[in-house]
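A.B. asks: The listed protein sequences correspond, in order, to chains B and L. If you want the numbering used here, it's the 1-based position in the first sequence plus 1466. If you want the numbering used here, it's the 1-based position in the second sequence plus 424.
Careful: at least some of the hints might be erroneous.
[Stated by the list, open to error] Calculated pairs, EDC-like style, for lysine to aspartate or glutamate (alpha carbon to alpha carbon, straight line, at most 16 angstroms):
1. L:Lys441 / B:Glu1590
2. L:Lys1204 / L:Glu1074
3. L:Lys995 / L:Glu1053
4. L:Lys880 / L:Glu1053
5. B:Lys1496 / L:Asp516
6. L:Lys701 / L:Glu498
7. L:Lys998 / L:Asp957
8. L:Lys965 / L:Glu668
9. L:Lys441 / B:Glu1484
10. B:Lys1477 / B:Asp1534
11. L:Lys552 / B:Glu1484
12. L:Lys552 / B:Asp1507
13. L:Lys441 / L:Asp456
14. B:Lys1496 / L:Asp553
15. L:Lys997 / L:Glu1031
16. L:Lys1204 / L:Glu1121
17. L:Lys987 / L:Glu1074
18. L:Lys599 / L:Glu498
Everything labelled a hint here was simulated from the structure, so no lab data went into it.
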Amino acid sequence: MPQVTLTVNGKNSTVEVEGRTLLVELLREKLRLTGTHVGCDTSQCGACVVHVDGESVKACTLLAVQVDGCQVLTIEGLAAADGTLHPMQEAFREYHALQCGFCTPGMVMSAIDLVHKHPEGMSEREIREGLEGNLCRCTGYHNIVKAIAAAQDVMHGKRSELARAAE
Amino acid sequence: MNVVAPFEGIGASVRRKEDLRFLSGRGQYTDDIARPGQAHAYILRSPHAHARILKVDTAAARAMPGVVAVYTGEDTKGLGGIPCGWQLHNKDGSPMAEPRHPVLAEGKARHVGDPVAVVVAETRAQAKDAAEAIEVEYEVLPAVPTLREALAPGAAQLHDAAPGNLCYDWHIGDKAVTDAAFAQAHKVVRFETTNNRLVPNAMEPRAAIGDYDPTTGEHTLWTTSQNPHVIRLLMGAFVLNIPESRLRVVAPDVGGGFGSKIYHYAEEAIVTWAASKLHRPVKWTADRSEAFISDAHGRDHVTTCELALDETGKFLGLRVDTLANMGAYLSTFAPCVPTYLYATLLSGVYAMPTIYAEVKAVFTSTVAVDAYRGAGRPEATYLLERLVDVAAAETGMDRVEIRRRNFIPTDAFPYQTPVALQYDSGDYFSTLDAALETAGWADFEARRAEAAKQGKLRGIGISTYVEACGIAPSAVVGSLGARAGLYEVGTIRVHPTGSVTVLTGAHSHGQGHETTFAQLVADRLGVPLSQVDVVHGDTAKVPFGMGTYGSRSLAVGGSAMVKAMDKVVDKAKKIAAHLLEASVQDIEFERGTFRVAGTDRTKALAEVSLAAYVPHNYPIEELEPGLEETAFYDPKNFTYPGGCHICEVEIERDTGKAQVVNFTAVDDVGRVINPMIVEGQVQGGVAQGIGQALMEEAVYDEAGQLLSGSMMDYSMPRAEDLPMVGVANHVTLCTHNPLGVKGCGEVGAIGSPPAVMNAVVDALREFGVRHVEMPATPAKIWNIINAGAQRMAAE
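Produce the entire structure from the sequences given, and follow the hints as far as they go.
C.D. replies: See the structure below:
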């Protein structure tokens, strides 16, 4: 069986996998990092989004062998070592952007990458369009959009009209 | 300490206690659990909608690597059938047809996805590989996927025990009185519609793990359920014959339900049974594609209705004839949804003098239908609110005025409808006025004109609704055919040092119970939220419960907690009286402090609870030690949330795409415990309602294949499909439960679809459209625009 060596949340691991093993299966079953979820089998829902070398990817669309030598960040590795939440996690909590919590890890990981890719800041419409790869069935996205709008300002070190409007 | 600071009680938008674990990846959903030594089950499902199973050859599969066991219907035929929770009766009083629902297909498959065999292997991949090696010989029979096909003369028969594929032929109301009202009508408005079949699609696919301890004989099932005690009752008593004392059902974190996780599913019985055969844990998790063909679907009605009006636009009577799709087998709630959760709601918010409704429930070669967010009440509301708009158009009355003229007067509560329900409270005029004001109804024509300048068709729609939830009084539902009581159970355990554990039979799968229920305790007992823990979802921890559906958790489960807290306070007052050397009649209690009335002599709850568990100075002759109370609360009536939803859509002429651009919901959900959570529940419900109106539909082809069988084909709202949803409340209190609460989980999905569709029809009025069926997809609307454009060109 092939071996994969990777760094997940700052920790090095070498794992034996089948050729067909998906990254999300490696994370959930081999490393027991069950915060990354599987919500579909057609890469539509985004519950499995993680960061590979800093970019958001759907962990159900990558084979484990493809991430050999990569840095992977999952929802479990997002908060600081002392437990301080990432601004996106904090905003999701503050704005009630989660209900059942199942889409949440993927939603948070997608949102962080989205904010990184838009240093100029996003409008409500741009946030909505940016979330096209993530499904949520509980919230109607209203509060997710508000949370991302607020978090982007914290992450960019500023406050925008949007966040003020959201309050 | 008289008040909790900061205020965390009733009315505070406290941030949720459960969020930290969900946001840091520490939620524990069923598929996250790995039992030591667990094997994995994969279920081979019928690829045919209706077929005789002539032969199942499992020899090759058994020889595949890692395979532990292979089971077919031959192995499970000694087990009980999957039970239905309701027994309805036909018009003639005879019971409904209730054919056996085997755990694994016995001789016949009745829908695509019907389980035929189970492979248990060391890994999931091995089980899946081996399932491909099972050879099943089918004789394919004609499929009957739709209501009309299943009822057609000479249609293929799914069950011997259900001639004509008819489950029941039921009615409610007074036919003679209603016919007489129609005979005197100034105007009769007739309307036919289909309520589109939906796939609930909770984001977490279903999963189940069975475990068995041969030394104790205890079975454990972890499952993605909204009601673990109900699963224990149904599976233990009816399917596997296991006493409750030896069957533990755990529903840990559950990733959304929306009704689709009420049903006691075959897979739950399969893994529990297989684990006891194999003496090792057996785990099953659905793929999403599998979920589409095995999870219960929702809605699926075809209805004809007629409204009789007098010359002033007053409603005289309503006649309704509905066909309801049950699917191939009866789910837990299916028979009740199109009857007691639908036909009883047909008076809506209107003073409708008489109603007669007939409902035929029909078996089809599709997956079972069950409750889906709103369950029956969205179908009733959609029917009425579209019908009222059609009536307004055909009588030339204003859409708001015709509603106002027929509303149940605010001073008429309690109000008895002609279809069994008695609404306890409501104020439809106030929610209407607030919604009209907030939505800017009066200025709409300016927005329509502005949109027209951009080449867009803009429309506005309104829906005024009431629903019945907080289910339900046990004696009433028992007389209607429910096979269980629908009370709820709550335990308040005050620990020696004053922290509190709440045990509830309700189940949270997104509703935020861990926060809302803790707020009830903070409010009443004055214990800080950080010291209140809510335990749910485990039959080994919680004494009993009926679970969460029908917006019942707070109205019924919360009321049980209040009752238990009353008992705690009563006992604690006696202890406090002893400690304070006062008469119990003189003890007052307010938010955590017992006080001798009119004095400054007090004892904190924690001092009293310590005395209860360390009873050195204690009225031991009269009182048992300890401070823990359990209460069962059986509601006296349903609760009746209501309100008004207003929607604005814009339609692109070139594509036919309708986009909701404004949505206003003003709901009366009774007393609000946590406004932030209530707002989120309404927004989520509205999102599903917009999905039903514009996007979602489970489509079966003639052969009974589900065409919209994946998330690529079944269109659910994404962020860009939805607007911000403005939510407001106008409160009238429920008069018969101690909290005055009505329920908020379903109102969004109930009130919104007709508001959206009334807006779509309004936007298309220049094309002379009377009605558009849900979902109003771009293709459907484009055809209307283009047919209309052609017609206009021809004229």
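A.B. asks: Determine for every hint whether it applies to the structure shown.
C.D. replies: Cross-check of the supplied hints:
no.: 1; hint: L:Lys441 / B:Glu1590; result: violated (28 angstroms)
no.: 2; hint: L:Lys1204 / L:Glu1074; result: holds (15 angstroms)
no.: 3; hint: L:Lys995 / L:Glu1053; result: holds (9 angstroms)
no.: 4; hint: L:Lys880 / L:Glu1053; result: violated (61 angstroms)
no.: 5; hint: B:Lys1496 / L:Asp516; result: violated (60 angstroms)
no.: 6; hint: L:Lys701 / L:Glu498; result: holds (15 angstroms)
no.: 7; hint: L:Lys998 / L:Asp957; result: violated (25 angstroms)
no.: 8; hint: L:Lys965 / L:Glu668; result: holds (13 angstroms)
no.: 9; hint: L:Lys441 / B:Glu1484; result: violated (39 angstroms)
no.: 10; hint: B:Lys1477 / B:Asp1534; result: holds (14 angstroms)
no.: 11; hint: L:Lys552 / B:Glu1484; result: holds (15 angstroms)
no.: 12; hint: L:Lys552 / B:Asp1507; result: holds (15 angstroms)
no.: 13; hint: L:Lys441 / L:Asp456; result: violated (21 angstroms)
no.: 14; hint: B:Lys1496 / L:Asp553; result: violated (20 angstroms)
no.: 15; hint: L:Lys997 / L:Glu1031; result: holds (12 angstroms)
no.: 16; hint: L:Lys1204 / L:Glu1121; result: holds (13 angstroms)
no.: 17; hint: L:Lys987 / L:Glu1074; result: violated (49 angstroms)
no.: 18; hint: L:Lys599 / L:Glu498; result: violated (48 angstroms)
Hints 1, 4, 5, 7, 9, 13, 14, 17, 18 from the earlier list are contradicted by this structure; the remaining hints agree with it.
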